[in-house]
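Enquirer: Residues per chain are reported as follows:
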Amino acid sequence: MISVRNLTHQLGQQTILDDLSLTIPKGKVTALVGANGAGKSTLLSLITRLMKLQDGQILIDNMNVGETPNDALARKLSILPQSIQLEPRLTVRELVSFGRYPHAKGRMQKQDWNKVDEALTVLDLNELADRQLDTLSGGQRQRAYVAMTYAQDTEYMLLDEPLNNMDIAASRSLMRVLRELCEHHGRTIVIVLHDINYASGYADNVVALADGKIDQEGTPLDVVDSAFLHRIYGTDAKVHILDDRPFVQV
Amino acid sequence: MGENDMPVKRLSFLALLLALSMVLYMTIGSRGNWDFVLAFRGTKLLAIIAVSVAVSTSTLLFQTIAQNRILTPSIMGFDALYVLIITMMVYFFSGQGMLSFGSYGLFAFNTLIMLLASFLLFGTLIFEHGRDLTRMILTGVILGTLFRSLTSFATRMIDPNEYAHIQIASYASFNSFNTELLYIGVAVIIACLIFVWTIRHRLDVISLGYDVAVNLGENVRTVQLLALAVIAILVSVSTALVGPVAFLGLLVVSIAHLLTPSPNHSTLLLSSALISCIILVGGQTIMERMLSLSTPLAVVIDFVGGLVFLLLLLQRLKK
Ligand SMILES: Nc1ncnc2c1ncn2[C@@H]1O[C@H](COP(=O)(O)OP(=O)(O)OP(=O)(O)O)[C@@H](O)[C@H]1O
Ligand SMILES: [Mg+2]
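As you go down the protein sequences, you meet chains A and P in turn.
FYI, in my numbering the residues of the first sequence are 5 to 254.
FYI, in my numbering the residues of the second sequence are 1203 to 1521.
Same shape as in the complex, but just chain P:
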């Protein structure tokens, strides 16, 4: 326990790799047009990094409170739920009515509903059946499918002119993101990260399981609820900014466990955030700038992340 045993070398290496990806991302193909490039690519980079860290952190938190390394907020249907909420908002209140909220107000309102819905749907599930992996997976699959079907049903009823309001949140894309919400989104994410950092030791204790954590004096339910709230907020922000990212979280946290195995959240939070940023920033740079591929990065990440999911699941079934 404590920060004295952080794998400093590996974390520094990851930080270096990230710095390199960022420099390449900003400079390749810029043709010396610095004013424009810095402003344009700079905001994009900010969005990508904010989302990367939001996804890695929410995934790590979820795995800690649900006591497994296979499920993630996306797999459980958290981001599908957010998309459903905002689609419903458009459907019921119509685009015009919504706009009178202002986009900040709307985002705040959606996030609030997301918080309540997460507590209702996932709170009891984690409390009562957290240890029952099969049940968790089935519930996640069912909820995710339900949310997506409801969303696509509602989408069909929506006036095409108003569809623009939900487009960004509905599909993962690291190129088109919600510029309006960027700065407020980044601020919310930073606030969440600071909070998570203050409870990192409590998370370490929770990951030892209910009995041991209670013996050590932790209020397991309280920490689980706090974490669930942070997860709901982080998923709301990242989905609002770039859309649902599916298997990204699973991919980066699995890599973090491999590269920097540790029971300490201080280490895991840092390494998974770094890895997440490297994958998105580096991935964007390679796919777009260097190879000029038209396949979206999200597709590649989901393919690889999906394979990791299957592997973990098979491994677990074999035991």
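With the rest of the complex left out, here is chain A:
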């Protein structure tokens, strides 16, 4: 369980997160949604200690972020940041093998390489494994980043817009991988999504952020309707219910 208590974050004069409290259940896929600039990335960065905590408390199970050593946290939770600019000369396999660093500390064992191969296979990267990152398309590169996070093999995975640049096949296959990790391997997944249909289709819970506060949370069926879209995004779209899942007509 990730529990966020009374989180306030300010940058300059601006209040980005405003006394935000949130509990993210263990073993579920939680989708974090909200308009551009709502504070989603900031929230994720604070949970994963990429940004320094200003006010409030964050607990990952019983680990207090900010007090737990960095490397212990790295074996507990992983983050795929929204934008990474990486050393372009890395090959895909080299990049993915860095995911093992929290466990292997540079001394890769057989089981580490097995995990790397598994990540490459699951994300359909075997053919690209020896290509350098700067020779890949945006979506292929994004898949390589996700594979690194997969290889890190942590109980909690937080992904900030992982579907960026991905085509529909890659997107659906990634969402299915995440569901599988959650259902059969007990992983807890937090994922920032802009396409509400992916949230409805694959998430157990939806958390909506607006103006640095939680606007609404619950199952997709509870949360997603036309009024919700109007309130959060200021857009009017029809919502249809199919097999107990709401779908936005775009």
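Note that these hints are calculated values from the structure, not bench results.
Treat the hints with care, as some may be off.
What the hints assert, rightly or not - As a list, the in silico DSBU-like pairs of lysine-lysine whose alpha-carbon atoms are at most 30 Å apart:
hint, chain 1, residue 1, chain 2, residue 2
1, A, 217, A, 80
2, A, 242, A, 56
3, A, 109, P, 1211
4, P, 1211, A, 114
Based on the hints, put chain P with the ligands in the right spot on chain A.
Expert: Frame of chain A; chain P with the ligands shown alone:
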């Protein structure tokens, strides 16, 4: 990650090339006077190799913690800072007073000040603005100019008799080096190299950028500080031994990235050290022994290294 994918062939080739340069350096024109030649050229060779490795290693470390491949300690004014420190020492405490420290004591004291000054000046710069290349270059140029002007101002005030104390550190020359500090200098460099080798995997992770490194559990600031300390010490030693070497570091690390492209510091540390030694030892052999040129090697290296700097900068601006 790991050492299993080292480019063994290329590294062996470089090692062979270095061995060849060393043999030529020791033997050409020796006229069979072995006792003298081995002792005299041997110490010189030791100094050259120590400085080569110090320069390549400090440059690689700096590029890793500053996240770019254009800036080097020299370009940022590290060695100008060391020259300033030792000039100030002579200026304020006068030659006689300084000598009572003993040259080891003085060197230790200078290095300590260098460490503190580097943390103050460059620490925050790298932490806060490391990603802002323009700002880093401007700051480096300004700091370098400031240090050099202060140095030349202080130099004018110094008693000419005491100038000898700072002469070696002030101008790059691979012929006149500080024999007094050679052995202690070599020992310090070896200690630094061993330490850098133990943190090579951490450096690999740091080079992936702040967010990714933190995600992988590295304490980015700690590694940056450790590296900065090693850089300050290495620059102090190499400047004390032969003087500021300006563009040598940039030249050898750029060549290392070309010849042995790799995300692993184990590979890059080795290849850049080898290349650095080859350039200095081979360069000395060719310029002095074979062509008997009077142009100092340092001038040639700075010319070529300066061109590389401009090329890298233009390339970066085009993007
Ligand atoms: N370095 C910064 N300085 C000042 N304000 C910032 C900084 N970084 C982000 N912000 C502001 O913080 C707010 C929240 O940003 P955040 O990146 O968390 O939004 P987000 O919900 O992830 O948006 P997006 O969907 O566009 O990724 C925005 O209003 C943004 O302008
Ligand atoms: Mg964001």
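Enquirer: Against each hint, give a clear statement of whether it holds in the structure.
Expert: To see whether the hints hold, each was checked on the structure:
no. : hint              : in the structure
1   : A:217 with A:80   : 26 Å, holds
2   : A:242 with A:56   : 40 Å, violated
3   : A:109 with P:1211 : 26 Å, holds
4   : P:1211 with A:114 : 25 Å, holds
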